[in-house]
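Colleague: Each chain, letter by letter, is given below.
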Amino acid sequence: MTTPLVKMVSITKRFPGVTANKDIYFELRPGEIHALLGENGAGKSTLMNILTGLYMPDEGDIYIRGTKVKFSSPRGAIESGIGMVHQHFRLVPTFSVAENVIMGSGDHGFFVNMKSVEEKLARFSGEYGINVMPGSKIWQLSVGEQQRVEIVKMLYRGTNIMILDEPTAVLTPQESRELFATLRRMADMGKGIIVISHKIQEVLDNADRITVLRDGRYVDTFSGKDTDSRKLTMAMVDRDISFGQNLADKPKGNFILRLKGLTVLGDRGQKALKSLSLNLCKGEILGIAGVAGNGQKELAEVIAGLREVAAGDIEVRGERFTGKSARAMIDAGISLIPEDRLGTGLVGPLNIMENSILKNYRSGEVASGWFINWKRVREYAHRLVDKFDVKTTGVDAPVRMLSGGNLQKLLLAREITNDPDVIVAVYPVRGLDVGAIEFVRNILLRQRDTGKGILLISEELEELFMLSDRVAVIHEGEIMGILDREDFDLERVGRLMAGEREEGAYERAANR
Amino acid sequence: MSGLPIGRDRVLVLEKRGHFSQSAALLVPVISIICALFGGSLFLLATGYDPVEIYVTMLSGAFGSAYGLSETVVKAIPLMLCGLAVSVAFRMQLWNIGAEGQLYMGAVAASWVALFHGEGSRLGVLALMFLAAAAAGGIWGLIPAIPRALFKVNETITTLMLNYVAILYSNYLVYGPWKDPKGMNFPLSAVFPEHATLPYFGDTRIHLGLVFGLIAAVMLYIILWHTRWGYEIRVIGESPVAARYAGMNIARNILLVMALSGGLAGLAGMAEVSGITQRLQPNLSPGYGYTAIIVAWLGRLNPFAITGVSFLLAGLLVGGYNMQMSGLPAATVSILQGAILFFILGGEILTKYHLRIRDARGIEVAE
Amino acid sequence: MYKKVLALITVLLMAVAVFAGCGGGADKASSGQQGEDKSQEAEKTKVAFIYVGPAGDAGWSYAHDLGRKYLEENVSGIEVTPPLESVPEGADAEQVIENLVQKGNKIIFATSFGYMDAMEKVAKKHPDVTFLHCSGYKVLDNMGTYFGRIYQPRYLSGIVAGKTTKSNTIGYVAAFPIPEVVRGINAFTLGVRSVNPDAKVKVVWTNTWYDPAKEKDAAKSLLEQGADVVAQHQDTPGPMQAAEEAGKFGVSYNSDMRQFAPKAVLTGPVWNWGPYYAETVQAILDGTWKSEQYWGPIGDGIVDLAPYGDMVTDDVKALVDAKEREIVDGTWDVFTGPIKDNTGKERVAAGAKLTDQEMLEMLWFVEGVDGIIPQE
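Protein chains in written order, with numbering that gives the first Met the number 0: chain A, 0 to 511; chain B, 0 to 366; chain C, 0 to 375.
Here chain A stands alone, though its shape is the one from the complex (with noise of 0.2 Å):
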């Protein structure tokens, strides 16, 4: 057996308050694509800053080509022959791409031999078929062209371990075949090569190995040829599941939100929804499951009138709110618990009194006329903080002051006692300790009761096995499948997550 381009031991590394990695292990092998997969947050990142030097473990050893090694500087890495195209490209725009390669290589004097670069880009053309336009300024190439760049960056400086950061986020399918390509004919050279990725299919067609991450802790390795979908997302996600209380068949209500073949764009430019319909009932809860970055961030914005509409309708109640302000969609009764609570759904410097009224402050309830009046604002914030118990020094005091859970109780009370029919609520208890995830949980429960309808984003199939009374499935903004909630099953879950459609789903999700 060959010696490992990579060898990572037992490493740990702590952050304050969290453990990022513990205990991982991770091998690399020359001429191999190597995958690392696992949801956001599960220390893909954290492992791989590792690797290039960017943070010291607080434990375990790191071994390149059989030697043991402490990187105390980027410096050191690089010189190991470890290199990293990143998600966001370090690439100065206004250069050329020659003058991009050999920047930060540090093995040319005062005066470049810009001809000796050139002739050193055209081989690496012929070797892995990457061609690259040495002329070039960066802003005239495409996204795909300057990852090209990026690779060829890395090749300059005699990288053979090689780690890209999600790269085909950015890219076309087209693009992404062109990519593994250059990659397979990288690893037949010899070298090593390590791809980030969340996208179990992806990793199935290109990785010859694949190790999965989840909550910082290594799960497995597996070999990409013996494992499926299936078992991928089972690694991933997989976590303790069981259906706590049996809760009773809701009859299901009129639609109150019907989402049609709508399309959105992220922030990218991409398509983060592609043509998607939905619809949600009064009385129940829609869970819409799928792995983070799937276009659930997009959905929960264009319902609350926060991202616009490339193509396709909302309807509210059967009238079509398509194009509407976000302003326009809270008076139409749609309510967003937003996943970052502090900042988009609470204002940190500003006090709870101020927070309570961020949605109605223009409602007769606490202004008259275009004065606010405190006195009211006060009774009403004190209403909300001790309906949901929500635990404060006063009312005076800034919600950055606020505990996590206390500021989910404080946000939810505030948007239900507006009286909503509509709530989206986004990974509403990520993040929280026991008691606040039960407290979060009772609350929706008991606003599907008094016959709202809601959408529940979450991560956690568990949950949304508990909660929903439907579970959508999403994948690269679409939806792959709609299950009842008898037919709510982990396995088949886990094979729409991955992104294998099921027949009818679009038939069921409309027809419903």
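Misleading hints may appear alongside valid ones.
[To be verified] Below are the BS3-like pairs computed for lysine-lysine, each with C-alpha atoms no more than 25 Å apart in a straight line:
#	chain 1	residue 1	chain 2	residue 2
1	C	K137	B	K181
2	B	K181	C	K123
3	A	K230	A	K259
4	B	K181	C	K120
5	C	K339	C	K352
6	C	K137	C	K124
Keep in mind that the hints were calculated from the coordinates and are not lab data.
Since the structure of chain A is provided, determine the placement of chains B and C on it from the hints.
Modeller: Just chains B and C, lined up with the frame of chain A:
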């Protein structure tokens, strides 16, 4: 990672201190001023003057006599109005550097009323001047607000550029069409009729503009903390994302706030022409609109604190001439004033932030 | 933590020391001040000066500062306050003058036109103080104006320039289009054309009294347009330096500027305020001063011609001397007819002379001036 490069792979960065207690907030300005006086005295010692004597001259000139005090108040009026003006904009993270130009446009509009529509009762003419100045300043603030609201065009640059336009326009008027025919061709407008001038308090030069400033401070306080609009301004200033989430119309608020900001600065212009020079002339403002930025920061954007700070800074300016009378050359006085301001701001920054050394990728190296 | 506490204590101690120092110093200084006031009030009259530029500008303010020093040395019983330099002609002027009154100054000289309104306002409030304003036209019982007939030496310097020019184009860097400056340009041009009827004087306005860079640039543009002599009505030697750098000649103003451009400066009108300041202050002390609009001729010595540069020949000097004698004798003055303006219209009939009032309101150019006076 931005920052000051200090050698290979190392940068010096300023980081906001995480926690900032109430007592520290009060201590900051005090420490800043002490730093400033201390820094200034180093400079004076280096140039061979006795700092104690100079400071005494400065302070007694600005605050030591009824006359000095009254002059400090006179100087504080435009600083106060402009400081309040920029503070509303800053509160919404709109960097209005254009108070100087807005002041000039206000002065031009007020002069236009005084010179060409000066008939009628004193109250009527002054009210008209007041409205014209507020409107002109407001429009001058609105111009850069429109591209900012619609296309996110950086208002720092546009407001700054419009300063030059306003000053040159005002100069054009006094060098050209509005030049006093009896003024020996000197670049001055005609003197305003008596009833287009702001009344004075007693025989001081303190004019009614002081009342404008104080009312503006109270008004701003009420707007910011007691109206729905002010609530929107504060939410937008603290978190635009949350404001959008709450359904607030950010673009409309940008327009309104910049108009309010410009209008207040425009009033400073009216106060200056109507209360002090009583005619339009070049060099109307020795940079009040820029000094106002310092006033607003030191006052932490609080209307009442800004009122107080404007008196302190006015004292620093008035005291400057006194220092000259005790033999300090004009250039030295300017440097000293600059040094004091520098240390005030420096002290302010260093108590709010701390310096750290980081490597090129942002990893902390040492404190 | 311990370190931070220590640092805080140190800072506080420093602060206390500074404040204590201030307090103690204040007592001492103010008591000293009072003592001085009491003992000297009877005998010493305080005199103050306000300058528009720095005292070291080598031009206008510098000339006044020389006068101030002359006054200090030649008149007893007065205390001359350090001069206030670079006082803008805007909102601050009134405050500065009032402040000088509050500080006990009894005679105040304001040395720029732009201080006129401010000085008038303060003068009305303080009848016991004597105010003297240079170059203005507003007079009160306790406020006089003073100026010199600088146009006379300007005419003489024009003779030198007219004899020197080869290209027959002479540049003139001028501050503001006001009668004072226009009169100077006209006098200069008449001088030039008295010896060289083909020569033209090109005028560029800078709209500033004191801006070294701008003045120099204005002079450069004139030199590029073919001028081989540059005259100036500005307060810095910038135009002379431009002439020196271009290897051309210059006619300076205010004071002897040969040190800045030894190869270029031919001569130039200069101010000599000292004697006037001394006499006026003495008259005020003696109680013989009466408010007036003093406009001193070359014969009084308040205006003169700067020492000639080496390149000026004796013939030219003789020519100038002859003309100067005529002016001093009173047999002839600069604006004696026939004079046409630069549109060809006759402004002064043959044998007639402009009155002082006409000269003070002069807003037209004589024949031979290439320029316009912006006015509405």
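Colleague: Confirm or reject each hint.
Modeller: Quick rundown of the hints versus the structure:
Restraint check for C/K137 and B/K181: the C-alpha separation of about 12 Å stays at or below 25 Å, so the hint holds. The hinted pair formed by B/K181 and C/K123 meets the criterion: a straight-line CA distance of about 21 Å does not exceed 25 Å. Note on A/K230 and A/K259: the hinted pairing is violated, with a Cα-Cα distance of about 33 Å set against a maximum of 25 Å. The hinted pair formed by B/K181 and C/K120 meets the criterion: a straight-line CA distance of about 18 Å does not exceed 25 Å.
About 13 Å separates the Cα atoms of C/K339 and C/K352, which keeps this hinted pair within 25 Å; it holds. Proposed proximity of C/K137 and C/K124 is supported: the alpha carbons are some 15 Å apart, at most 25 Å.
Figure legend: structure checked against the earlier numbered hints; the only hint not met is number 3.
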